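Undergrad: Guided by the hints, dock chain B onto chain A, whose structure is given.
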Amino acid sequence: MRRIEASTIIQAVAQLCQQANFELGEDVLAALKQAQQDEESPLGREVLSQLIENARIAKEEHLPLCQDCGTAVVFLEIGQETHIIGGDLYAAVEEGVSLGYSQGYLRKSIVGQPFSARINTGDNTPPVIHTEIVPSDQLKITLMAKGSGAENMSRLAMLKPSDGRQGIIDLVVRTIDEAGGNPCPPLIVGLGIGGTAEKAMLLAKKALLRPVAKPSPDPEASELEKEILSRINDLGIGPLGFGGSITALAVHAEVMPTHIASLPVAVNLQCHSARHKEITL
Amino acid sequence: MINNFYITSPIEAEVIEKLTVGTRVLFSGVIYTARDAAHHRLVQALDKGDKLPFDLNGQALYYMGPSPAAPDQVIGSAGPTTSSRMDIYTPRLIADGIRAMIGKGNRSPAVKEAIKKYKAVYFTTIGGAGALLAKSIRQVEVIAYEDLGTEAILRLNVENFPAIVANDIYGEDLFDQGKARYQRRK
Numbered sequence: 001m002r003r004i005e006a007s008t009i010i011q012a013v014a015q016l017c018q019q020a021n022f023e024l025g026e027d028v029l030a031a032l033k034q035a036q037q038d039e040e041s042p043l044g045r046e047v048l049s050q051l052i053e054n055a056r057i058a059k060e061e062h063l064p065l066c067q068d069c070g071t072a073v074v075f076l077e078i079g080q081e082t083h084i085i086g087g088d089l090y091a092a093v094e095e096g097v098s099l100g101y102s103q104g105y106l107r108k109s110i111v112g113q114p115f116s117a118r119i120n121t122g123d124n125t126p127p128v129i130h131t132e133i134v135p136s137d138q139l140k141i142t143l144m145a146k147g148s149g150a151e152n153m154s155r156l157a158m159l160k161p162s163d164g165r166q167g168i169i170d171l172v173v174r175t176i177d178e179a180g181g182n183p184c185p186p187l188i189v190g191l192g193i194g195g196t197a198e199k200a201m202l203l204a205k206k207a208l209l210r211p212v213a214k215p216s217p218d219p220e221a222s223e224l225e226k227e228i229l230s231r232i233n234d235l236g237i238g239p240l241g242f243g244g245s246i247t248a249l250a251v252h253a254e255v256m257p258t259h260i261a262s263l264p265v266a267v268n269l270q271c272h273s274a275r276h277k278e279i280t281l
Numbered sequence: 001m002i003n004n005f006y007i008t009s010p011i012e013a014e015v016i017e018k019l020t021v022g023t024r025v026l027f028s029g030v031i032y033t034a035r036d037a038a039h040h041r042l043v044q045a046l047d048k049g050d051k052l053p054f055d056l057n058g059q060a061l062y063y064m065g066p067s068p069a070a071p072d073q074v075i076g077s078a079g080p081t082t083s084s085r086m087d088i089y090t091p092r093l094i095a096d097g098i099r100a101m102i103g104k105g106n107r108s109p110a111v112k113e114a115i116k117k118y119k120a121v122y123f124t125t126i127g128g129a130g131a132l133l134a135k136s137i138r139q140v141e142v143i144a145y146e147d148l149g150t151e152a153i154l155r156l157n158v159e160n161f162p163a164i165v166a167n168d169i170y171g172e173d174l175f176d177q178g179k180a181r182y183q184r185r186k
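Top to bottom, those sequences are chains A and B. Mapping to my numbering: the first sequence position 85 is 85, numbers consecutive. Mapping to my numbering: the second sequence position 14 is 14, numbers consecutive.
If we strip away everything but chain A, and leave its shape as in the complex, we get (with noise of 0.2 Å):
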């Protein structure tokens, strides 16, 4: 049994938290230095070359990539032979994004009661937490900035078994064809497909963590992301919805079994600042 302590996990949520804000990862950098290369529009290709300037001048000043500092999206791989000493791990993993949050200088955009008062918390708390259990003696911690601009277009449907394979791809197509340039494209599309309706969306999310355009080691999964990708290309949206031949960057779906009546499909849809960091403790 290896022993954590609770301090040292609020101390590394508090440095992800900064460093997803901050730092553009290589993967989102290459795949946006590629779509300046492929892209048909001039201003597409400029508006690019800004996002890259964007991300040069928040990695040299510590100014966040975009001032919608998200919400913290929280996964937690917890080991079975780890032992949380020293306080209570949801407790750490938030008080580490207030102290993240306030240490930034990041945007606090978390309201208490979303359909009344909607007051802000006032330090990004609390984030949403998801924990797995795996079997090893470490603890993996991953932290998404997740912007609302691109969360608010994502989209869930319980297809029908008959809809199949093509009722997936013009689901996906339609809701980035209706997106328009409100996400922020060009996207990374994370699709769940499978499972039940709440762990579609999980899927969905958690497919954006993989890194941007690598390809699912299923080969009909990534068949079917390569003709989404395709399609959604043809839409002609652009960077920022100004016209253009790369809406998206990458789609990544993440497959699982589901039931005999059911073909749930979730779509969630990550803007070009895709933010994330990980540390394994």
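Note that these hints are calculated values from the structure, not bench results. Since we're looking at a predicted model, the values are computed, not measured. Heads up, the beta-carbon is just placed ideally off N, CA and C, and yes, glycines get one too. Among the clues, some could well be false.
For lysine-lysine, the following DSS-like pairs were computed, each having C-alpha atoms within a straight-line distance of at most 30 Å [unchecked claim]:
no.: 1; chain 1: A; residue 1: Lys-206; chain 2: A; residue 2: Lys-33
no.: 2; chain 1: B; residue 1: Lys-135; chain 2: A; residue 2: Lys-33
no.: 3; chain 1: B; residue 1: Lys-119; chain 2: A; residue 2: Lys-59
no.: 4; chain 1: B; residue 1: Lys-117; chain 2: A; residue 2: Lys-277
no.: 5; chain 1: A; residue 1: Lys-206; chain 2: A; residue 2: Lys-140
no.: 6; chain 1: A; residue 1: Lys-108; chain 2: B; residue 2: Lys-135
no.: 7; chain 1: A; residue 1: Lys-277; chain 2: A; residue 2: Lys-108
no.: 8; chain 1: A; residue 1: Lys-214; chain 2: A; residue 2: Lys-33
no.: 9; chain 1: B; residue 1: Lys-135; chain 2: B; residue 2: Lys-48
no.: 10; chain 1: A; residue 1: Lys-160; chain 2: A; residue 2: Lys-108
no.: 11; chain 1: A; residue 1: Lys-206; chain 2: A; residue 2: Lys-108
no.: 12; chain 1: B; residue 1: Lys-119; chain 2: B; residue 2: Lys-51
Quick look at which bits of chain B chain A covers, simulated, 3 or more residues with Cβ under 8 Å [what the hints assert, rightly or not]:
no.: 13; stretch: 66-74
no.: 14; stretch: 106-119
TA: Then chain B, alone, in the frame of chain A:
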């Protein structure tokens, strides 16, 4: 496409007539920030006949809630939020004097109609480039609704703040035009 059309905010009516979709502008002067909660309060104040925190006449609104400024900064990251959430309030604010809006993403038919009717203009700027856009902001002053935190109304003094005309008085739309040009039909 005209490059680097320099404009001073508040914008004169004659200038608005010259702005057509796709025109790239660099703003200098005063713009006011307002996003969801501030829009709600402004329209409530108009409904009640209360005094507004600033005279809307001819002014520009930027849909933006910044990240906090560090001690050595004028402002934190300061890019646009999604404009369509403001659509429900915008025709009313245009009718009461607002003449320019800056945000990201497309607008509703009612907003486009109000833009034509009252000779206003909607600009888009670069969503997700908040660090870059912060460089054009020279001065920041909280003028109303301080309790809203990042959603308070700020008076910004900007210099060469970049934007693109997205909806003009002639009824054209940057997003529709761009999409039509690059769409590949199967």
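Undergrad: Determine for every hint whether it applies to the structure shown.
TA: Evaluation of the provided hints:
Using a Cα cut-off of 30 Å, the hinted pair A/Lys-206 and A/Lys-33 holds, with the two alpha carbons roughly 24 Å apart. For the suggested pair B/Lys-135 and A/Lys-33, the alpha carbons sit about 23 Å apart, so the restraint of at most 30 Å is met. Between B/Lys-119 and A/Lys-59 the alpha-carbon distance is near 41 Å, which puts this suggested pair outside the 30 Å criterion. At roughly 48 Å between alpha-carbon atoms, B/Lys-117 and A/Lys-277 are farther apart than 30 Å, so this suggested pair is violated.
Under the criterion of a C-alpha separation no larger than 30 Å, the hint pairing A/Lys-206 with A/Lys-140 is consistent with the structure, at around 14 Å. Between A/Lys-108 and B/Lys-135, the direct Cα distance comes to roughly 21 Å. Compliance with the 30 Å bound is thereby established for this hinted pair. For the hint linking A/Lys-277 to A/Lys-108, the alpha-carbon distance of about 19 Å falls within 30 Å, and the restraint holds. A C-alpha spacing of about 16 Å is found between A/Lys-214 and A/Lys-33, which places the hinted pair at or below 30 Å, so the restraint holds.
Proposed proximity of B/Lys-135 and B/Lys-48 is contradicted: the alpha carbons are some 38 Å apart, above 30 Å. Proximity of A/Lys-160 to A/Lys-108 is assessed by CA-CA distance (about 40 Å); at most 30 Å being required, the pair is judged violated. For the given pair, A/Lys-206 sits about 23 Å from A/Lys-108 by alpha-carbon distance, which is consistent with the 30 Å threshold. Our distance criterion of 30 Å between C-alpha atoms is met by B/Lys-119 and B/Lys-51, whose separation comes to about 24 Å.
Coverage of the stretch 66-74 of chain B by chain A holds [criterion: at least 3 residues with CB-CB distance below 8 Å; count 6]. Look at the stretch 106-119 of chain B against chain A: 1 of its residues bring a Cβ nearer than 8 Å to a Cβ of that chain, fewer than three, so the hint is violated.
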